[in-house]
Every structure is written in structure tokens, then in C-alpha cells.
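Start from chain E and add chain V according to the hints.
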Amino acid sequence: MTETIRLEQVAKRYGRVEAVRDASFTLRAGETIALVGHNGAGKTTLMKLMLGLIRPTAGRIEVLGDDPSAGEFAGRRELGYLPENVSFNTSLTGRETLAFYARLKRRPAREIGVLLERVGLAHAADRRVCTYSKGMRQRLGLAQALLGEPRALLLDEPTTGLDPALRAAFYDIVEELRGRGATVLLSSHALTELEERAGRVIIMNQGIKVADGTIDELRRIARLPTRIRLKVSQNGVDRLPEWLRPVGSWRRTNGRLVEIDAPPEGKIEMLRRATDPAAPVEDLDVVPPTLDELYAHFLRTQEAAR
Amino acid sequence: MRNVLIVARKEVQEGLRNRWVLATTLLLATLALTLTFLGSAPTGSVGVRALDVVIVSLSSLTIFLLPLIALLISHDAIVGEMERGTMLLLLSYPVARWQVLLGKFIGHLAILAFATLLGYGAAAAALAATGAAIEPQSWAAFAAMVGSSVLLGAAFIAIGYLVSALVRDRGTAGGIAIGIWLLFVLIYDMAFLGLLVLDQGQIVSGAVLNALLLLNPTDAYRLFNLAGFANVSSFSGMAGLADSASLSPAALLLALALWALLPLGLAALAFSRREL
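Protein chains in written order, with numbering that gives the first Met the number 0: chain E, 0 to 305; chain V, 0 to 275.
The reader is advised that the hints may include incorrect statements.
[As the list claims (entries may be wrong)] Derived DEER-like restraints, expressed as beta-carbon distance ranges:
| no. | chain 1 | residue 1 | chain 2 | residue 2 | range |
| --- | --- | --- | --- | --- | --- |
| 1 | E | Arg299 | V | Leu182 | 56 to 64 Å |
| 2 | E | Arg54 | V | Leu265 | 18 to 26 Å |
| 3 | V | Leu265 | E | Glu302 | 31 to 39 Å |
| 4 | E | Asp21 | V | Met0 | 38 to 46 Å |
| 5 | V | Ala249 | E | Asn38 | 55 to 63 Å |
| 6 | E | Ala167 | V | Phe63 | 53 to 61 Å |
| 7 | V | Asp188 | E | Asp21 | 15 to 23 Å |
| 8 | E | Arg59 | V | Gly84 | 22 to 30 Å |
| 9 | E | Gly39 | V | Ala95 | 29 to 37 Å |
It is worth saying that the hints were derived from the structure and are not from the lab.
Given the structure is predicted, the values throughout are model-derived calculations rather than measurements.
We treat Cβ as the ideally placed atom computed from N, Cα and C, and that holds for glycine.
The following block holds chain V by itself, in its conformation from the complex:
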């Protein structure tokens, strides 16, 4: 375990040094603040549920941005170090390969969690500072949103590692990472909607619908945040879908966790069999 923490610490150190942490935090904070103050326009400044509106906008932002950031920092993690030759030296040290992978994962996740917490936290703090009344219920929903955002990031970091452990060069890893982002964030949902429209509720039953939603981590995340809390779902327009998809928040979180753990396990397996 100590090795894992040593590797994680170095990953964070490097992230701080090459300004990944700074860039990600600033990007998320800027976008979150912008969305918070522009996004409250429809409800007006007297809206009692200002934070709920923020949750809706921020979770949409998360779905686009966090997977992209996660894949950007993770797709290079193994194949990049191999190409640069630093992996050769690292693996000659008394450290197991799974420890290297897990250490990197914890380090990268810490960077992402820090950026999300600070960026989104800034938005909530700014909102609270303007004197908007925020119910405890909304705070809970906000905390759940931030937490599940980090979990979504973890899933995509793990997916990025799997790609990185399997391919031969960095260019391929980058290309596949972009492809995965496009697939999960854009294409999947379009195809999903198209299917529902064509099907008109004939074949696609509730069970199939559930399965299809769980097969995409971003959908599980979306459903968890936009439909999970009654107040939020009325703003998000997801209430209809939430009714027909009978998935509990716990099941959705479990799906997200599996989306992080399974690719991570497969990445560790692929990495352990790799020859340098």
C-alpha cells in the first residue's frame, strides 16, 4: 500500500507542476460560475430553488467535460510512460505493476476530485454569497452531484487506463479516447433516442430501457442527478424518463462504481501481461 501512495503522490506532484491541476480547476470554476449566474435567468433571481437549477446545469456540464478531462489525463498514463522510457526504470524498482496502476489512479482521481470540488464549490459558494435561500435538501442534492461527478470521472479515468494498457502508441490511445468520448457522450444518446422514437414503446420494455441506461456511465450519472431528487427532476424535464426507468439511486451509483472498477481491473490485467 505504501508503494501505491508513493506513486500517487508523485502523480499529484507532476499534475501540480505541469499545471494540469490549475488548468482543470480554473476551467471548471469558470464554467460553473458562468452557468450559475446565466443559468438562473429563467427562474429569476428570486427563485427559491436557485441551487437546484445550478445542479441541473452543472450536471450537464459534467457529462460533457469531466469524461473529456479524465480521458485526457488517463489515456497517456501507461503507453506514454512506456514510449518516453520512464516506465522501464520505474518497473525495475521494488514495486508491482498493479501498485503502479492503482497509485496513478488515486493520483489522477485526486487531481480530478480537487478540481471538481473547488470548481463547483466556488459556484455554490458564490450563490450562497448572493444571499439566495438554499434548503438543506438542495445542499444534499448538490453534494450528491459533486460526489457522483467524481465517480463519473473515476469511470473515465479507468476506461482511459484500459485503452492505455492495450495499445502500442500514444497516438492510437488518443484517437481511441476521443472516440470513446464521442460514443458515450454524444452518439449513444442520439442512437438511444432514435431507438425509442422508432420503437414507439413496442419492444423496448422497462427492463431493456434500464439496461441501456446502465450500459453508459454518463446516462447512469444523468439519471442519478436529474431524476434522483424530486425538486431537481421537475426542472430537468427528466421526470418522465425517470418514471419509466425504475432504477434506484443506489443501483445507479453501483453501476457507476462498476464502470470505474471493471475497466481498472481489466487495465491492471492487461498491464501485468505487457512486455516492455
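The shape of chain E in the complex, shown without the other chains:
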């Protein structure tokens, strides 16, 4: 697959604060990547570095064939960016604002109406931006990022301020662009939301990349236990301690509900036992470790290593 964005040992220092340290990764066409981390983990700094808004203290960056730190910007015509707190000049209307950005990207004017329609702003297109609500501004921000079939999309906290319906619509658009070969880099706090959408996750902590891979890969590396929830039959409750003895870690949450933390290698064995006709089990749920738990795990291991 073709590379769209490449970072090699990139560092960014502000005075004595190291915002990003030794970050290297390659993003390819057709990937959706979630950039995950606390506030101040370096997510926004990374995006600004890719845009050439700030220059790296060390390392090399390449975005769509440009070196942004050298002031090259030809590739930015095919790049969409949505900043964390997007703001517009409030005296212009939504349509005028989008027209301005379309001209800078040399896109035809007919794209404007289509995009406004797509983000649900067609009814407010000729109102001034100062009358827009936070969510409407975010939608306008999204519309400008989508101008001109971008090959790379950098979206910094894109779904803040969007209602659930629009969130879903937003992820549909992202998925469609990815399907057509765009690289989509998303940063977010809403990890559960990203879980199903991102093919790949990069976890940042204090400027350092602590994990990078698909969610399945990260689960394998993290070796977090899978949670198995059982509903035990009435007469099985008494037999429970004996029956579950080999499992190790289990707890009764509520009457007949039992939660078991099964390690990766013991998961199948546990499921076999639970689904045995003789087992005192009425119902069963399997919950793999969520992105939230993976994230917490990688942060813990990194903190412990220091």
C-alpha cells in the first residue's frame, strides 16, 4: 500500500517541555488510524507537525510527498484538517466561508452546496457563522476538511459537539473516504466510539508512542484477560466454588451472576467447561478487553517501565 504520511524519529521540544519524543510511524492509504492519549500526550502536536504549523526539533516528516517543516505545501491540496476547536470568521456566512476555502484548494464552486448538504447545513448556509451553534460550527469544520476528495484527513477530536445521529453520519463519511483510499487519522477521547471504526490504534503518552497496531494485535500484546459473564442456574450456585476452582480469578457480582477473568490461553478451556451440557450455566457473555482497558494497560506498563 502507498505511504501517505511518514514520521522518522520526530521530536518536538517547547523550552524544557518535550511535547513529542522519538515518534516514528508510517500511515498508508486506506487506513483509519486512531490517535489516542490523554490531554497533553502530544496528539495535537503531532498533527501540527504534519501540517508544518510547527517545526520539529529533530527528525523527518513527510506528508503526501512534502516536507512540511521546509514550508512545502503542494500536497496540502489533497489534505483535510479539522482542528480541535475549529473557529471561523463570524461575519461571513457558512457558504462564503466554505467558498473561500474551496478557492484556496482550487475546487469548483459546485462542491460547496454538495458538502453543506452532506453535513446537514444546507438550511443555514446563508446565515452568518456567528449565529451557528457549537455543533453547526463543527459541521462546517467537517465540511471544509472534506473539500476536494482529500487523500489524507487529519481530524483532531472530530466528534465533540456532534449529536449521535451526526456522529454516525460522520463515521459513514470517514469510512467512505477510507474505502476510496484515503488515510484518516482521528484523535479522540471517546475510545469506545473509535473501537469499531479504527483499523489501527496509536497510543501516545507524554509525547512517546507506547503502542501501535490493530486492536487485535494490541490485545495479543497486552494479554489482558477476557471477561466471561455467566448466569448460573439456581441449584448450581452451591456447586460454584468447586466448579470454578481451576479458573483462579472469579467473583460473584449479583446473586446468580458470575464474572470470570480468563487469561488468553485459558479462555477456550473456560468456554468449553461453561458450555458443557452438565454445567450449571443458563446464559453466557464474552467481553473482550475494550480499547479503554487496552489504553489503560499500555499507560500502566509504560509508567511502570520508567
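Just chain V now, kept in the frame of chain E:
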């Protein structure tokens, strides 16, 4: 170049929308008309050089007002957009920073030029409409006055950009802009006069005098308009100074142009090195 024009166009659009253009034009037209009709009192309505008197009053008005207006619209241009967050998005587009700066400059200058042309033009047109006889020579002086006023405005827009590109927040930019206005429009001339009076012509030679006049764009403007044309200088009382300062109108215009280009270049340099 196309990017520059796109940015300039948006700047003008915003100026029209938030009524900067309207306010500036009305202010200049009102003051110019007032000065034209009150200012002709000393020479009487039969004065043959009515327009020359207008040039003297209007150029004094320009020296006070245009730098102030120029600094007001320009001091916010970079730091304000950074604070509001709009610069972040704009610079993620395929546009170079110098193009943004130059585009803003052209846009702001267009607003200022429009206001000056219309405001002062209204005064001249009103004068002509009252039937005052105006010689072609006076028209030339008037055109030179309007043109150099725009150039003076350009110099202060550029100075405002330089401030805007260097400071961290809008409040500081505003404060410095006011300080610059006070310095160039009021304090410099007072200190200059004080120096001449104290010196009594001992040390300050013609060359030093010239240099001191060129070091302030408003002085270069004043000398160009009030002493440059023989008819006008007799009204302005600047003939004496004009004789001892041996600066040609071309040199004065060049100084004004440099006052616009140098700060603009420095602003572009400062802006290109800035991190957002």
C-alpha cells in the same frame, strides 16, 4: 499570486461585512467636508485657491487620522487570527505564509484607499460643485495628496503587521499600536521642534535635519504635501522648513514607500518563523 488575491478578496469581504469600510469612509468624508467648508473661512469664498487650502487641511487630517485607522485595522491581523484560532485552519491550506500576509495587506490597503479616495474625493467634488475655480495645478497637488495619503496608510498598515507578527496577544498589540501612533504623530514632532529650538542651528545641519524628517513617515508625508507644491506651501507656513530641508518630492515618496515595504518584509519574516 492567485492565493494572495483570494486572501485579499476575503479581507475586503470581511471589511464590508463588519462595516469597517462604511465607518472609515463616512468618517473621512464627514471630516473632509467639514474641513473644506470651515477651512475656507480665512480665505473667503472668493479665494482663487480654495482647493489648495483644502489640501493643507486634509493633509493635516490625514497625519492624525490615517495612521490611527491603519493601525486599528492592522494590529489585529495576525495575532488576532491566531488567538481566535482561524489562522490555524488557514495555514493548513495550500497557501504560504507570505501569501497570507501580502493578501491581507492588499485587502486592508484596498479598504483604506477606497475610504480615502471616496472621502476626500467627496470634499473636492463638493468644492467644485460650489463653483470655485480650480486650477489644473491644484488638481495635481490634490491627486498627489490623496495618493501619498494612501501610501502613508500603507506604511502604518505594514507597521501594524510587524507588531502583530511579533507579540503574543492582542492586548499587547493594541497597546503597542497606540504607542506607535502617539510616538510618530505627536511626540516625535514635539521632540523634533524642541531639539531645533534648543540647538539654535548650531549642531543640527541640513543633512541631520533631512535624516530626522525621513525617520518619521508622517514628517515625510507632511513635507511632501505641504512644501512640495509652491502654491500650497505658501498657505501651510512650511516654506521656511522646506527651504532648509533639501529633500526632493521623489526622495520623500521613496522614504514613504520604504516605510511601507521594510516593516512588511520584517513582518513576513517574523510571521514565517512563528509557531502556532
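Aspartate 21 of chain E versus methionine 0 of chain V beta-carbon gap, inside 38 to 46 Å or not
holds, 41 Å
| message | 22 to 30 Å was suggested as the range; check whether the CB atoms of arginine 59 of chain E and glycine 84 of chain V agree with it. | response | For arginine 59 of chain E and glycine 84 of chain V the Cβ distance comes to about 28 Å; the hint holds.
Cβ separation of arginine 54 of chain E and leucine 265 of chain V, checked against the hinted range 18 to 26 Å: holds, 20 Å
Verdict for arginine 299 of chain E, leucine 182 of chain V (Cβ pair) under range 56 to 64 Å:
The hinted range 56 to 64 Å holds for arginine 299 of chain E and leucine 182 of chain V, with Cβ atoms some 59 Å apart.
Distance restraint evaluation - glycine 39 of chain E, alanine 95 of chain V, Cβ atoms, bounds 29 to 37 Å
Cβ of glycine 39 of chain E to Cβ of alanine 95 of chain V: about 30 Å, so the range 29 to 37 Å holds.
| message | Given the hint of 53 to 61 Å, is the C-beta distance from alanine 167 of chain E to phenylalanine 63 of chain V inside that range or not? | response | holds, 59 Å
CB-CB spacing for glutamate 302 of chain E and leucine 265 of chain V relative to the 31 to 39 Å hint:
The hinted range 31 to 39 Å is violated for leucine 265 of chain V and glutamate 302 of chain E, with Cβ atoms some 47 Å apart.
Practice prompt. With 55 to 63 Å as the target window, see if alanine 249 of chain V and asparagine 38 of chain E comply at their CB atoms.
Written response: At roughly 59 Å between Cβ atoms, asparagine 38 of chain E and alanine 249 of chain V fall inside 55 to 63 Å, so the hint holds.
Practice item. Kindly confirm whether 15 to 23 Å is satisfied by the beta carbon distance between aspartate 188 of chain V and aspartate 21 of chain E. Key: Given range 15 to 23 Å: violated, Cβ gap about 58 Å.
Checked against the numbered hints above, the structure breaks hints 3 and 7 and satisfies the rest.
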